[in-house]
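Asker: From first to last, the protein sequence lines stand for chains X and Y.
Each residue of the first sequence is one higher than the last, beginning at 4 in the working numbering.
Each residue of the second sequence is one higher than the last, beginning at 4 in the working numbering.
In case anyone wonders, no lab produced these hints; they're calculated from the structure.
A couple of the hints might just be wrong.
No distinction is drawn between identical chains; accordingly, a pair holds when it is met within one copy or between any pair of copies.
Here are the simulated BS3-like cross-link-like pairs (lysine-lysine), alpha carbons at most 30 angstroms apart as the crow flies [claimed, not checked]:
(1) Lys35 - Lys69
(2) Lys353 - Lys326
(3) Lys55 - Lys69
(4) Lys28 - Lys85
(5) Lys235 - Lys195
(6) Lys60 - Lys28
(7) Lys354 - Lys55
(8) Lys235 - Lys322
(9) Lys206 - Lys92
(10) Lys85 - Lys56
(11) Lys166 - Lys339
(12) Lys85 - Lys353
(13) Lys11 - Lys55
(14) Lys35 - Lys85
Note that the coordinates shown come from a computational prediction; the quantities given were computed from them, not determined experimentally.
2 protein chains.
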Amino acid sequence: MISRRMQKMVAANSVIRAMFEEGLKLAREYGKENVYDFSLGNPNVPAPEALKKAALKILSEDDPVKVHGYMPNAGFPTVREKIALSINKRFGTGFTSANILMTVGAAGGLNVALKALLNPGDEVIAFAPFFGEYRNYVANFDGELVVVPPNTETFQPDLRSFKELIHPQTKAVIVNSPNNPTGVVYSEETVKRLAAILDEKQKEFGTSIYLISDEPYRELVYEDAFVPYLTKYYRNTLVGYSYSKSLSIPGERLGYVVVPGEVDDFEQLFQAMTVANRILGFVNAPSLMQLAVAECLEEKTDIAYYARNRETLYTGLTKLGFKLVKPEGAFYLFMKTPVEDDSAFAQAAKKFNILLVPGSAFACPGFVRIAYCVSYETIVNSLPKFAELSKQYGL
Amino acid sequence: MISRRMQKMVAANSVIRAMFEEGLKLAREYGKENVYDFSLGNPNVPAPEALKKAALKILSEDDPVKVHGYMPNAGFPTVREKIALSINKRFGTGFTSANILMTVGAAGGLNVALKALLNPGDEVIAFAPFFGEYRNYVANFDGELVVVPPNTETFQPDLRSFKELIHPQTKAVIVNSPNNPTGVVYSEETVKRLAAILDEKQKEFGTSIYLISDEPYRELVYEDAFVPYLTKYYRNTLVGYSYSKSLSIPGERLGYVVVPGEVDDFEQLFQAMTVANRILGFVNAPSLMQLAVAECLEEKTDIAYYARNRETLYTGLTKLGFKLVKPEGAFYLFMKTPVEDDSAFAQAAKKFNILLVPGSAFACPGFVRIAYCVSYETIVNSLPKFAELSKQYGL
């Protein structure tokens, strides 16, 4: 009785979410400390103290009618202005509040952008491996996801295949750096080549191709890796951002999209995205969190915490004989499975209460994603279990 | 360059929202006290003190990793359980957490339900006048909105026309009582007749027709008007609820949908709606607000405040010669315009800095909606302006 589209989507329900809910179940059964749940990007680092202070102050001192009330669908103008200035300060851009649309997380932002852009049959390119939800977001608006195959050596985008997969009906390209699930950061060289290809193809086809940069992991980089700000390299760029990871508030659903003034049809696009924000049922990004986050734009999560997890887990797993690329960002390790069938490997891991997400969920079989945004104890205690697992595979 | 669908939607952009944003502009120009903005259902009654206390306590005492973190897409199980029990206590129902899906406001809930239910071309019935966004929500999933013409004498639903408009492809019926924009409450007699018609038609066509009760105004009733709880009258009922008006937190985007266990294909439907919540980009309802509201389920907004506004405005406008039905609920008056062209009348009112929404926006021309959720001073000070306006029309 449910819609045919949803039947498909329910059948292919997020492996990640299924794992997360299974992890909660296992934790009740075996005790939280005996479950090594690496399934979900749910930060274990608390939100910065400054966020708590800001929220407490706003709740205590400000007029609740303003704090909890409706504002323009694009968000509080003051909040949008502060965010624009903060981006300008960091990246030398020239945005104003008119370029910032507050959204219900990065997921809300991507849906709003795709709703505004896609006609049925329009193509959206993503680079494997990619966050599996992109497929659903594109399908929401009857678009076609076109997948660039992965380079499983470096996990940098394969730009040669990319170029061949751009068609006259290509409306958008989604990139995600630092990357989920690999942790890889796109180099400036890569970004420049990607931009040049897009420029060339726009000219060739006489079309507008929007580059959508999905950046929830921007602040999560190690050893000062450089993450280029894409609006500076390619004119038709939209940047989707989220505070889920940078401030550890994924449950609060707060993010924004930057729409630079120089993109094709800027005014029409910004208005369409604002209307889409309303029509899709978001209406606006949650109000108290908008106000609180605007007071914490210089705050960052505790990157040292993740760096220690990354180092310990990467070193430990490598010693056990597992193969992984050492990531420069995000909080994921993407590990080659010792057998081809990544789902079978994830099942085997589950017997040790280790929860991993098969690479197939990211259009990249033969790997598993390990979300190491867990407690350090979980990392340390999981290693003997990983050792038992590795023995099963003769590593 | 934006999608063809969005071009239409931008062109027909919400008159209500346009008014709201114009109101903010006028307030800057003439001073807030000289603008009578009756455009938006943005409550002027502050959220209950208990909500502030609950939020402060949670922020101060609870683990931020839990408070701001991901939870299952359907919401915190503890919150869902508390809400189920609270509904059971009030209405004698038998719900559990398994029947409650936490949503990003009622707008999010309606979209999630429609995404789960609609195949392209499926019909959804609404009774004019109705909240104009229903048209967009149905269009989001390629459904067809079928409008039952209004009964402009009583604004009770015209059940005779309704019966004729139910077809084999009718998948859902949206009702909204207390009603936006009329304030009318559907009587128990009406509800029983409506349920009987639906039962009959389900049997006739061998289909499932879901009744979606959109209830953001449930708590806003005057003189103890009785608002039937629809799951008790018709088996295939979903109830969409929002805390926007009942707790004056429209900017926070918090609501839920009740999916009773006895609806056709319950398990499949609940799962599809949960997946839709994720896929549409909501992911989950905002976490802190879920937890805070769960501590305030017995709280209500200050209904006496709205009752005074309603009385003063209804009496004042009637004395001036305007024609209106006295509403039993919500915070809207739906006033007959002295000329046929409701947009022209709204334009004329704007010259007095009175902002009203033309009835055309609710599929009911010849009326204007007056949202009286404003300050009492605005009501009192607007009356001399309404008097000048009435003179223009020779009332």
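Asker: Pop the pair Lys35 and Lys69 into one bin, within, between, both or neither, using alpha-carbon distances up to 30 angstroms.
Answerer: between (40 angstroms within a copy, 14 angstroms between copies)
Asker: Are the CA atoms of Lys60 and Lys28 at most 30 angstroms apart within a copy, between copies, both, or neither?
Answerer: Between. Shortest inter-copy distance 28 angstroms satisfies the 30 angstroms Cα cut-off; intra-copy 37 angstroms does not.
Asker: At 30 angstroms max between alpha carbons, let me know whether Lys354 reaches Lys55 within a copy, between copies, both or neither.
Answerer: Intra 39 angstroms, inter 45 angstroms, cutoff 30 angstroms: neither.
Asker: Within, between, both or neither: how does the pair Lys206, Lys92 come out at a Cα-Cα threshold of 30 angstroms?
Answerer: neither (32 angstroms within a copy, 65 angstroms between copies)
Asker: Using 30 angstroms as the alpha-carbon threshold, which applies to Lys85 and Lys56: within, between, both, or neither?
Answerer: both (18 angstroms within a copy, 28 angstroms between copies)
Asker: How would you label the pair Lys35, Lys85 (within, between, both, or neither) given a Cα cut-off of 30 angstroms?
Answerer: Answer is between: at 24 angstroms across copies they meet the 30 angstroms cutoff, but 40 angstroms inside does not.
Asker: When Cα atoms must be at most 30 angstroms apart, do Lys55 and Lys69 count as within-copy, between-copy, both, or neither?
Answerer: Result: close both inside a copy and across copies, 19 angstroms intra and 13 angstroms inter.
Asker: Quick one: Lys11 to Lys55, C-alpha cut-off 30 angstroms, is that within a copy, between copies, both, or neither?
Answerer: neither (41 angstroms within a copy, 42 angstroms between copies)
Asker: Is the C-alpha distance from Lys28 to Lys85 at most 30 angstroms within one copy, between copies, in both cases, or in neither?
Answerer: For Lys28 and Lys85, only the inter-copy Cα distance (20 angstroms) is at most 30 angstroms; the intra-copy one is 42 angstroms.
Asker: How do Lys166 and Lys339 come out at 30 angstroms by Cα distance, when the copy is not named: within, between, both, or neither?
Answerer: within (27 angstroms within a copy, 61 angstroms between copies)
Asker: 30 angstroms Cα cut-off: does Lys235 pair with Lys195 within a copy, between copies, both or neither?
Answerer: Only inside one copy: Lys235 and Lys195 sit 10 angstroms apart there, 62 angstroms across copies, limit 30 angstroms.
Asker: Between the shortest in-copy and the shortest cross-copy C-alpha distance, which are at most 30 angstroms for Lys85 and Lys353: within, between, both, or neither?
Answerer: Neither: 45 angstroms inside a copy, 33 angstroms across copies.
This entry does not satisfy hints 7, 8, 9, 12 and 13, going by the numbered hints stated previously.
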